Amino acid sequence: MGEIAKLHLRQLLGGRRVWLLAGFVTLPVLLTLSIRVVAGLPDGNFDDDLHPAAVYLFLLYPQAVCMLLALLDGALALSIELEGRTLTYLFTRPVPKWKLVLAKYVAGTAATAPLVVGSLLLSMVIVEFPGGLRWTAALLTCTVASLAAYNAIYTLIGALVPRRAMVLCMLYSGIVEFALSFAPLTINHATASYFLRSLAFSISGLPLPPEAGPFLGGTEIVPAVFGILAVTGTALALAMFVVTRREFVMIEPV
Amino acid sequence: MTTPTPNAGSALIETRSLTKLYGVVNGVNDVTVSIPRGVWGLLGPNGSGKSTLLKLITGQLRPTEGTVRVLGRQPWNDLELYRRIGFCPEQDAFYSFLSAFEFVRMLARLSGIDAAEARRRAEVALERAGATEFMHRPIVTYSKGMRQRTKVAQALVHDPEFVIFDEPLTGTDPVGRHELIELVRTLGREGKSVLVSSHVLHEVEAMTDAFLLIHAGRLLASGTVESIRAVLSDAPHNIVMRAEGARELGARLLAELAVDSVDIDEDQRGLTVRTRDPRGFFANVARIVAESGARVVEMKTSDDDLAAVFKYLVARI
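So the protein sequences, as listed, match chains A and B.
The first sequence begins at 1 in this note's numbering and counts up one residue at a time.
The second sequence begins at 1 in this note's numbering and counts up one residue at a time.
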């Protein structure tokens with residue numbers, strides 16, 4: 001597993017993707033700085049623990065930056081091997097295919113998490129830690145959970161449709177994570193966004209009107225944690241299963 | 001040359017009605033064969049299904065129908081078998097940011113070899129493939145021949161008992177070609193089994209005298225050169241010549257050799273000879289040219305291309 005992890009890190013950090021990676025963690029800081037300089041901090045007291053700057057950071061990091069980083073990492077984890085036709089070398093060695101997926105997932109998540117957390121902390125410094133300790137804990141937890149969840153989901157999409165992984169991941173994000181997750185139906189409980197919002201509400205202590213719960217998320221921490229772990233674990237397990245079972249054709253049919 | 005040895009344990013490769021479809025396209029079509037251990041050539045024109053067959057053998061693809069067994073095991077997801085086979089793919093694909101040494105060492109580690117031993121084995125394999133000189137440079141800087149040697153080294157690094165080379169001579173220079181042919185022969189002498197795919201008959205003929213012939217996904221023949229030559233013995237061969245005095249030469253060839261026909265070009269300098277006895281033709285043509293007083297400036301057989309041979313075999317079936 002260690003060799004695959006090292007290989008994946010060199011693929012992620014050694015090629016052109018590293019510039020995109022750098023951009024995805026730097027630009028949010030610059031954006032936050034710009035907003036702070038132009039608009040200043042939000043005025044007035046905010047009741048009920050609603051801090052606009054904290055909500056902005058939640059929408060920026062767990063709901064956007066983490067998705068972009070997962071696109072670069074999880075979505076491409078397999079397709080880059082397939083399109084480079086290097087998968088042959090990995091699949092003809094005595095290593096279970098699920099281990100290859102797991103090693104790439106763990107390495108990618110472990111490498112990108114410190115970068116996005118660092119970026120988040122810088123942004124939080126710029127807006128002077130809105131909401132104090134509770135929102136700081138909520139944002140950090142949601143950011144790491146979001147990265148882990150989207151990386152797993154995009155790895156699964158990459159395993160299912162490796163040649164269209166990026167496009168399908170973006171479609172999935174738009175349709176499922178942005179639209180469907182707000183639908184007041186049970187199916188929104190299958191989205192990562194729903195549980196990430198629940199996690200943010202429960203840790204930050206932000207109260208929700210009861211009627212908002214079905215589409216925004218719950219306020220109990222245990223179901224939120226369990227939900228995000230279930231989404232992440234299921235997606236990753238399915239990705240490992242798919243890669244073990246399916247064929248990856250790297251040659252043109254005769 | 002190492003002639004395959006029957007009954008040396010389980011068959012090297014055994015297939016029954018092996019079929020692989022890509023949608024409606026046939027990659028491999030109803031192949032049934034059992035070959036013993038030894039050095040084998042897999043011959044077929046481009047697009048004949050060689051690579052598909054090799055991917056079935058190495059467990060990268062699953063049969064659509066039928067079965068394949070390699071060293072007595074079904075290759076799909078068989079990790080134990082992967083320890084015993086080495087595969088050198090046709091495609092020029094690498095992690096180009098690695099050096100040959102890093103690449104081969106990494107694949108040795110993935111074969112279950114510990115770190116120190118993997119380093120040693122990588123050095124040995126790279127030396128064997130003639131890649132020592134450049135092995136610490138990034139692969140992105142390599143020539144085609146260097147990359148080919150690197151691929152060969154990774155196939156050998158875990159000391160497999162069965163090595164599979166897919167079109168290994170493509171893009172190699174004459175020296176590299178000679179070394180690779182020698183390597184395959186040496187592996188055979190060491191008791192390894194080898195399967196080499198190619199679309200060029202004489203390349204594989206230099207490595208082994210045992211062949212599988214495949215065309216359009218179907219196995220046309222298997223066996224030694226002699227047995228395949230026997231199948232091909234009455235296949236017509238076209239020999240194209242350009243000569244001054246072509247008409248006189250053509251007449252002598254028709255009169256003295258087992259020649260079916262001679263066509264003279266309009267410019268009276270080119271002639272195409274059709275014969276079913278190419279060996280007899282080539283054994284005597286120099287004498288007849290000298291006796292006829294013709295001056296031959298070019299002579300080639302248009303049937304060098306395997307496709308022509310396979311076309312003939314397909315027509316016979």
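Accuracy of the hints is not assured; some may be wrong.
[Claimed, not checked] Beta-carbon label-pair distances, calculated as ranges:
hint, chain 1, residue 1, chain 2, residue 2, range
1, B, Thr132, A, Val125, 50 to 56 angstroms
2, B, Arg120, A, Leu122, 44 to 50 angstroms
3, A, Val125, B, Arg73, 38 to 44 angstroms
4, B, Arg120, A, Thr186, 31 to 37 angstroms
5, A, Thr26, B, Arg73, 34 to 40 angstroms
6, B, Val297, A, Val18, 58 to 64 angstroms
7, A, Thr26, B, Glu190, 33 to 39 angstroms
8, B, Gly171, A, Phe241, 48 to 54 angstroms
[What the hints assert, rightly or not] A short list of chain A residues far from chain B (calculated; beta carbon distances all over 12 angstroms):
hint, residue
9, Met1
10, Pro94
11, Leu102
12, Arg246
Hints are computed from structural coordinates only; laboratory data are not their basis.
Everything numeric in this text was worked out from a predicted model, so none of it was measured.
Glycine included, C-beta positions come from ideal geometry on N, C-alpha and C.
Go ahead and decide if the range 33 to 39 angstroms is satisfied by the Cβ distance of Thr26 of chain A to Glu190 of chain B.
violated, 56 angstroms
Please confirm whether Pro94 of chain A is truly not at the interface, meaning its C-beta sits more than 12 angstroms away from all C-beta atoms of chain B.
violated, 4 angstroms
With 58 to 64 angstroms as the target window, see if Val297 of chain B and Val18 of chain A comply at their CB atoms.
holds, 60 angstroms
Do the beta carbons of Arg120 of chain B and Thr186 of chain A sit within 31 to 37 angstroms of each other?
violated, 59 angstroms
Non-interface label on Leu102 of chain A, tested against every C-beta of chain B at 12 angstroms
holds, 14 angstroms
CB-CB spacing for Arg73 of chain B and Val125 of chain A relative to the 38 to 44 angstroms hint:
This hint is violated: roughly 59 angstroms between Cβ atoms.
Can we confirm that no CB of chain B comes within 12 angstroms of the CB of Arg246 of chain A?
About 9 angstroms separates Arg246 of chain A from the closest Cβ of chain B, which leaves it inside 12 angstroms; violated.
Please test the hint of 50 to 56 angstroms on the beta carbon pair from Thr132 of chain B and Val125 of chain A.
holds, 53 angstroms
Okay, Thr26 of chain A versus Arg73 of chain B on CB: inside 34 to 40 angstroms?
violated, 51 angstroms
Distance restraint hint 44 to 50 angstroms, applied to the beta-carbon atoms of Arg120 of chain B and Leu122 of chain A:
With a Cβ separation near 46 angstroms, Arg120 of chain B and Leu122 of chain A satisfy 44 to 50 angstroms, so the hint holds.
With 12 angstroms as the threshold, tell me whether Met1 of chain A passes as away from chain B on beta-carbon distances.
violated, 10 angstroms
Outcome for the supplied range 48 to 54 angstroms, where the beta carbon pair is Gly171 of chain B and Phe241 of chain A:
violated, 38 angstroms
Violation of the numbered hints given earlier is confined to hints 3, 4, 5, 7, 8, 9, 10 and 12; the remaining hints are satisfied by the structure.
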